[in-house]
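Sequence lines, in order, name chains V and R.
Okay, so the first sequence: first residue is 1 according to this note's numbering, each after it adds one.
Okay, so the second sequence: first residue is 1 according to this note's numbering, each after it adds one.
Misleading hints may appear alongside valid ones.
[To be verified] DSS-like mimics (lysine-lysine), calculated; alpha carbons at most 30 angstroms apart, straight line:
| no. | chain 1 | residue 1 | chain 2 | residue 2 |
| --- | --- | --- | --- | --- |
| 1 | V | Lys102 | V | Lys63 |
| 2 | R | Lys113 | V | Lys70 |
| 3 | R | Lys168 | V | Lys35 |
| 4 | R | Lys222 | R | Lys113 |
| 5 | V | Lys102 | R | Lys275 |
| 6 | V | Lys144 | R | Lys113 |
[What the hints assert, rightly or not] If you want the ones that stay clear, here's a sample from chain R, every Cβ over 10 angstroms from chain V, calculated:
| no. | residue |
| --- | --- |
| 7 | Val26 |
| 8 | Ala172 |
| 9 | Val176 |
| 10 | Glu217 |
| 11 | Leu287 |
| 12 | Phe290 |
| 13 | Leu316 |
| 14 | Arg323 |
Hints were generated in silico from the structure; no laboratory data involved.
For glycine and all other residues, C-beta sits at the position ideal for the given N, C-alpha and C.
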Amino acid sequence: MKLPASLYTRRAFLNGLLGGWLAALGTAFISPLLKYIVPPTREPDQVTVPLADYKDLVPHTVKGFAWGNKPGFIKRTEAGEFVALVGVCTHLDCNVTFVPDKRRFYCACHEGWFDEDGLNIAGPPPAPLRRLAVAVEGETLIVKRQG
Amino acid sequence: MRALRAWLEDRFGLRPAMAFIAKKEVPCHKHAFLYYTGSSILLFLGIQIVTGVLLALYYRPTLAEANPSVVRIITEMPLGWLVRSVHSWSATFMILTVFVHMLGIAFTKSYRKPREATWLTGFLLLVASLAFGFTGYLLPWDELSLAATKVGTNIPKSLPLIGVWLTKVLRAGEDVTGDTLSRFFIVHVCVLPLALLAIVGIHVFLVQRHGMSVPLEAERDKRQVPALPFWPNFVFREAGVWLVLLGVLLTIAVFAAPGLGPQADLMAPAPEGVKPEWYFLFLFQTLKLFPARILGLNGELVAVLIMMVGMALLLLVPFIDNRPFERKGKVVTALAWAGLAYAVGMSIWSLL
Chain V
1 MKLPASLYTR RAFLNGLLGG WLAALGTAFI SPLLKYIVPP TREPDQVTVP
51 LADYKDLVPH TVKGFAWGNK PGFIKRTEAG EFVALVGVCT HLDCNVTFVP
101 DKRRFYCACH EGWFDEDGLN IAGPPPAPLR RLAVAVEGET LIVKRQG
Chain R
1 MRALRAWLED RFGLRPAMAF IAKKEVPCHK HAFLYYTGSS ILLFLGIQIV
51 TGVLLALYYR PTLAEANPSV VRIITEMPLG WLVRSVHSWS ATFMILTVFV
101 HMLGIAFTKS YRKPREATWL TGFLLLVASL AFGFTGYLLP WDELSLAATK
151 VGTNIPKSLP LIGVWLTKVL RAGEDVTGDT LSRFFIVHVC VLPLALLAIV
201 GIHVFLVQRH GMSVPLEAER DKRQVPALPF WPNFVFREAG VWLVLLGVLL
251 TIAVFAAPGL GPQADLMAPA PEGVKPEWYF LFLFQTLKLF PARILGLNGE
301 LVAVLIMMVG MALLLLVPFI DNRPFERKGK VVTALAWAGL AYAVGMSIWS
351 LL
């Protein structure tokens, strides 16, 4: 049925109303769904390791630790300060390894190289290795996110 | 027997479908071998479903058990090594046939009106097949598969706005963990099969609706192409092709069973010689060659954007080249050759 001055028939109007309502209902379910499929991030705020394990580190060597799910490296500068790096390549997220005789970090995925301070020096990595802040407190080392 | 047939006919009403199959014809010409690629893909798909179900009987998608359960399948289960080998090789064969199928259609211009929607659903099937390969590669949970998955899931990260979120969705969080494994498993064995089968249904329906495409010259000259009845002549030939493929597949699967690396360790450095499956090698090599920065932009972002433009062009081929016998068709042919040469060249380079 179409009234003389109307643009729609009653059926077209009802179809639009019902269809629009169903579409809105469907859309309303998407947002909680999208929320559910990304779990909350689990990167630690800080990690503590016993100082005893790291205090005998000589300069130009590194020792690993676990930064949450990622490998981390702790090293000591000539001045005796601790530095911590996240051992994940900044190119495409592969875990890097320390090559002692070259004093460099190496990523096997796409042949990326970082110097011992984590600076990207060769290959595709676009940025230095991520640095973490290290504080000595009594007999423990506290590694924290920087900034 | 006749009574049973009448009973079934009253309930299902399949006579029009039977009549269609009885009347269906397949043209014969020099490109006719391409008609066999579609059904060959279906053969490999069927093998994937059967062997996939068999593997899932013993596979366990958890951090601690994934790798040991694959070891158990290939060492303890009767013929388990063969089931895994056939699943792995059939995947390779299927992707290879998908590429031949697609290139054949690009060269013979069978995507033109009214078959645009067939091409679009075919594109979705290509994406689904590659997604099958990508998710399946992680499941054995060895060193190589972990590193390859880290790289693969990191690629979208450089995209603006949605990149970081997309990587989190793929990985179930910031990093590749046991949650990633669960996610890849359920996508591999449930989400993708449902999606793929639905799209295959539409794809095959559209092929029947429009009939087999004939060579352009025949279409232009309104020339009648000699044809073969689908049932039983063409199906008989297809069966021959299937038997040969099955024989080749089984032979290769028996003599070249895939290996299994040491169990993945989230903390261990990436192993030497990280490689994705062969059909991603050209993308892998491209990423390796791209410098960190190009004209002040993130090199990875540029690489990803180029890949996306390539995919978009592939998707839209039937709308770009929509009129017969114009130069655009030749451009598409040239681009298809160029793309093929690039992919093969880069893949070989990455293996050197």
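Going through the hints against the structure:
Distance hint between Lys102 of chain V and Lys63 of chain V is fulfilled; the C-alpha atoms sit about 16 angstroms from each other, no more than 30 angstroms. For the hint linking Lys113 of chain R to Lys70 of chain V, the alpha-carbon distance of about 52 angstroms lies beyond 30 angstroms, and the restraint is violated. A hinted pair counts as satisfied when its Cα atoms are at most 30 angstroms apart, and Lys168 of chain R with Lys35 of chain V qualifies at roughly 11 angstroms. With a C-alpha separation of about 16 angstroms, the suggested pair Lys222 of chain R and Lys113 of chain R falls inside the 30 angstroms cut-off, and the hint holds.
Proposed proximity of Lys102 of chain V and Lys275 of chain R is supported: the alpha carbons are some 25 angstroms apart, at most 30 angstroms. Simply put, Lys144 of chain V and Lys113 of chain R have alpha-carbon atoms about 61 angstroms apart, too far for the 30 angstroms limit, and the pair is violated. The Cβ of Val26 of chain R sits about 41 angstroms from the closest Cβ of chain V, beyond the 10 angstroms cut-off, so the non-interface label holds. With a closest Cβ-Cβ approach of about 6 angstroms to chain V, Ala172 of chain R is found to fall inside the 10 angstroms limit, against its non-interface label.
Under the 10 angstroms C-beta cut-off, the non-interface status given to Val176 of chain R relative to chain V is violated; the minimum distance is some 8 angstroms. Once the 10 angstroms rule is applied to beta carbons, Glu217 of chain R is consistent with being away from chain V; the minimum gap is 46 angstroms. With a minimum CB-CB distance of about 7 angstroms to chain V, Leu287 of chain R fails to clear the 10 angstroms threshold, and the non-interface call is violated. Chain V draws Phe290 of chain R into its interface by the beta-carbon criterion, the shortest separation being 7 angstroms against a cut-off of 10 angstroms.
For Leu316 of chain R, the condition that its CB be more than 10 angstroms from all CB atoms of chain V holds, with the nearest at approximately 26 angstroms. The claim that Arg323 of chain R is not at the interface with chain V holds, since no C-beta of that chain comes within 10 angstroms of its own (minimum 36 angstroms).
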